[in-house]
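For the protein sequence lines, the chains are C and Z, in the order given. The first sequence begins at 1 in this note's numbering and counts up one residue at a time. The second sequence begins at 1 in this note's numbering and counts up one residue at a time.
If you are wondering where the hints come from, they were derived from the structure by calculation, not from laboratory data. No experiment lies behind these values; they were computed from the predicted model shown. One thing to keep in mind: the hints can contain errors.
One copy or any two copies: either way a pair holds, since identical chains are not told apart in the list.
Derived pair list, reagent style DSS-like, types lysine-lysine, alpha-carbon separation capped at 30 Å [to be verified]: (1) LYS144 with LYS3; (2) LYS153 with LYS205; (3) LYS220 with LYS153; (4) LYS169 with LYS89; (5) LYS89 with LYS66; (6) LYS66 with LYS205; (7) LYS220 with LYS205; (8) LYS153 with LYS60; (9) LYS144 with LYS88; (10) LYS88 with LYS169; (11) LYS144 with LYS169; (12) LYS89 with LYS3; (13) LYS3 with LYS60; (14) LYS3 with LYS169; (15) LYS144 with LYS89.
The chain contents come next:
There are 2 protein chains.
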Amino acid sequence: MNKIVLIVAGGSGTRMNSETPKQFMLLQNRPVLMHTLSVFYHYNRDMEFILALPESQAEKWNELCKTHDFGLRHQVVSGGETRFHTVKKNIAGLPNNSLVAIHDGVRPLVSLDTIDRCFRVAAEFGNAVPCIEIPETLRRLSGKRSRQVNRTKYRLIQTPQIFLADILKEAYNQDYRSDFTDDAGVVENLGHAIHLVQGNGENIKITYPQDLVVAGALLKNY
Amino acid sequence: MNKIVLIVAGGSGTRMNSETPKQFMLLQNRPVLMHTLSVFYHYNRDMEFILALPESQAEKWNELCKTHDFGLRHQVVSGGETRFHTVKKNIAGLPNNSLVAIHDGVRPLVSLDTIDRCFRVAAEFGNAVPCIEIPETLRRLSGKRSRQVNRTKYRLIQTPQIFLADILKEAYNQDYRSDFTDDAGVVENLGHAIHLVQGNGENIKITYPQDLVVAGALLKNY
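This is chain C alone, in the form it adopts within the complex:
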């Protein structure tokens, strides 16, 4: 089946207290986004690579690619108002009978094994979403109080989230809702069961300055 990777990089630098969008920040002297693209390229260089960036960042990305001599083939497309709109807009033209992996641009530490597990399960069941167990005690808020819940019943969700293109397109025809925090939620809302797959703990999302420190250390250790 045809494989497509859509890397979504819509972030600004707000939560990083920086002018530089987090996906352009340097990790071992290369922008985060180049690490992310490279992992998928190492997994399978024959896939179709699509990178969704805010229009205002396209020129800067071009410059960065030149500066860092980044030659991995990929198509740059523009993002929408929210992550939902970015995905909706950029999957519309994809061939139905393909597998589309949607991945956060700021998750450069996804492992080749995670990617492989997701593609295999998605090929069999129509979708696959990586997750990890909850490492801490978990509590649920309820009004001003909270109560402990059984953490073994919960999972933290990562990306890549992989779907058959036709299901994904149908799901994204739904109206936008603010509680659609990932693609699995959108597809699930259509009535599809989501297939969870083991992710890798290092696959953190770079959001805050401390995350960049952590990612740098993990990358060095890989």
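Start from chain C and add chain Z according to the hints.
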């Protein structure tokens, strides 16, 4: 009010694939546990410091203290069969009208602010437990399926968990249950409302080898 810190360090090196218990592993050339004790000492050197270690590790700890010239005053006590039994056994003799902070030995990155917030809230309400928001989409398993839940309604729980000694002692008079994964759960089971306080994201629990890498990087950045 009298302040007591009970640091619980019962781990072996199993999940670290190592012979060395994780609390003795080196972080910037010092055992993890020395970093942990130092933070509390920096917060308030006049507190009472109790360190619960498996009996088999006491001698090694003594040696490490000599090797690393570690002079912070603390009392070493022996642990029990589980964390529950370790706490139960070592709080029994503490003065009732004191605040007892129970902290994981393998959380060396707790911030002074987190400790301070917890002691202040516990002094007012009888208990305080630090928590952080959930950074990822969260799903709840249900049989072979799962469904997205509202992550803003959940919190990941850390330590130090601080309690009035008399409440804590009463709580630990209950029979052991395997779902008592932290002290808050034990106290809550007695009918007390738990008071959540903002923790700090760096305050990770060192469990797997990658955690040691992450902690090292965060420590360097502190």
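My question is about LYS220 and LYS205: at a cut-off of 30 Å on alpha-carbon distance, are they close within one copy, between copies, both, or neither? Answer is both: 17 Å inside a copy and 21 Å across each meet the 30 Å cutoff.
Given a CA cutoff of 30 Å, do LYS153 and LYS60 count as a within-copy pair, a between-copy pair, both, or neither? neither (43 Å within a copy, 38 Å between copies)
Measure nothing new, just compare the shortest in-copy and cross-copy C-alpha distances for LYS144 and LYS88 to 30 Å and report within, between, both or neither. For LYS144 and LYS88, only the inter-copy Cα distance (29 Å) is at most 30 Å; the intra-copy one is 37 Å.
Intra- versus inter-subunit Cα pairing at 30 Å for LYS220 with LYS153: This pair counts as neither: shortest intra-copy Cα distance 33 Å, inter-copy 35 Å.
If the cut is 30 Å between Cα atoms, do LYS89 and LYS66 qualify within a copy, between copies, both or neither? within (27 Å within a copy, 64 Å between copies)
Identical-chain pair category, LYS3 with LYS60, by Cα at 30 Å: within (28 Å within a copy, 54 Å between copies)
When Cα atoms must be at most 30 Å apart, do LYS144 and LYS169 count as within-copy, between-copy, both, or neither? Close across copies (25 Å), not inside one copy (40 Å); limit 30 Å.
Quick one: LYS88 to LYS169, C-alpha cut-off 30 Å, is that within a copy, between copies, both, or neither? within (7 Å within a copy, 56 Å between copies)
Cα distance capped at 30 Å. Does LYS153 pair with LYS205 within a copy, between copies, both, or neither? Answer is both: 22 Å inside a copy and 20 Å across each meet the 30 Å cutoff.
Regarding LYS169 and LYS89, is the shortest C-alpha distance of 30 Å or less found within a copy, between copies, in both, or in neither? Classified as within: same-chain Cα gap 10 Å, cross-chain 59 Å, threshold 30 Å.
Homo-oligomer pair classification [LYS89, LYS144; C-alpha up to 30 Å]: Close neither inside one copy (40 Å) nor across copies (32 Å); limit 30 Å.
Classify it for me, LYS89 with LYS3: is the Cα-Cα distance of at most 30 Å met within a copy, between copies, both or neither? within (18 Å within a copy, 58 Å between copies)
Hint compliance for this structure: hints 3, 8, 15 are not met, and every other hint is.
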